[in-house]
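Listed below are the residues making up each chain.
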Amino acid sequence: MSQLRKGTLEYCVLALLRDGQRYGFELVRTLSETDGLLVSEGTIYPLLSRLRRDELVSTSWQESEAGPPRRYYQLTDAGKRALADFSDEWARFRDAVDALVTPQRRAGR
Amino acid sequence: MNVHTDPLVDDYLRRLDAAASTLPTDQRDELVSEIRDHLQEALSQTPPGDQAAVRNALERLGSPEEIVAAAADPAPGQPAGVGSQVNVLAIASVAVAVLWFAGFGAVLALVFGYRARRQIKDSAGTQTGSGLATAGIILGWIGIAIVVTAVILIALHPNKSQ
Chain A
1 MSQLRKGTLE YCVLALLRDG QRYGFELVRT LSETDGLLVS EGTIYPLLSR
51 LRRDELVSTS WQESEAGPPR RYYQLTDAGK RALADFSDEW ARFRDAVDAL
101 VTPQRRAGR
Chain B
1 MNVHTDPLVD DYLRRLDAAA STLPTDQRDE LVSEIRDHLQ EALSQTPPGD
51 QAAVRNALER LGSPEEIVAA AADPAPGQPA GVGSQVNVLA IASVAVAVLW
101 FAGFGAVLAL VFGYRARRQI KDSAGTQTGS GLATAGIILG WIGIAIVVTA
151 VILIALHPNK SQ
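Protein chains in written order, with my numbering: chain A, 1 to 109; chain B, 1 to 162.
Treat each hint with caution, since some may be false.
[What the hints assert, rightly or not] Covered, in the sense of this in silico footprint (three residues per stretch, anywhere, with C-beta under 8 Å from a C-beta of chain B), are these stretches of chain A:
1) 27-40
2) 44-56
3) 64-72
I should point out that these hints are in silico values taken from the structure, not numbers from a laboratory. The structure displayed is predicted, hence computed values, not measured ones. Yeah, the Cβ is synthetic: ideal placement off N, Cα and C, and Gly gets one too.
Turn these sequences into a full structure, and let the hints steer you where they fit.
This is the structure we're talking about:
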């Protein structure tokens, strides 16, 4: 289960950026408060760093109304493509697993 | 509140920095500064000295070791070998062990082999070849055993050649 969570988490991050840029703290809080993902907030930062190195997201520093500047994350074109590919794949995967693991009444008995 | 004045936060960041010493320097610095900013943000509305809030924020982050482990992991779906290089010293270790050089190669094989294993461990997954390094080390010890055995045999039969 933990492998499955880890593998999908990076696409959850990309999905959160679909509608525009967000800063690290905001991303991390949203993910950690999403029921069922069960992530420690700190482990998301290495993931963000990896996504940036893989050029799926880019970052920029921006001033905040209060406090120090914040690092904002946004999707790159490669990130958008990776997210779109994953979304298709995931829908198929989810349906296939659902069909197998959901108990069904057998027809014809 | 300013996180730089809180001893619990200080202690946490120190542990994180120490645990992150296995990461490449730029990743280590980036990680520690991200976590520091995170805590600054998480505790910005907290009055100074609110230990419960600080503990809660640190607990949500997870342990420093857990965070560093996540950083050292190869990307999900990407096997460890992709994009990584075989450690050069590991190759050299096996090569000199095989060449043997009347025992000198065996000593070099051990030096290279142990050093290669440390470099691979410190590379956080960017280098491979620890199997090769181990092979070099084993061959190195065998080489030394041969030299020692030869010396003992010669010592036990000093007159054989006369």
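Verification of the supplied hints:
no., hint, in the structure
1, 27-40, "holds (count 3)"
2, 44-56, "holds (count 7)"
3, 64-72, "holds (count 5)"
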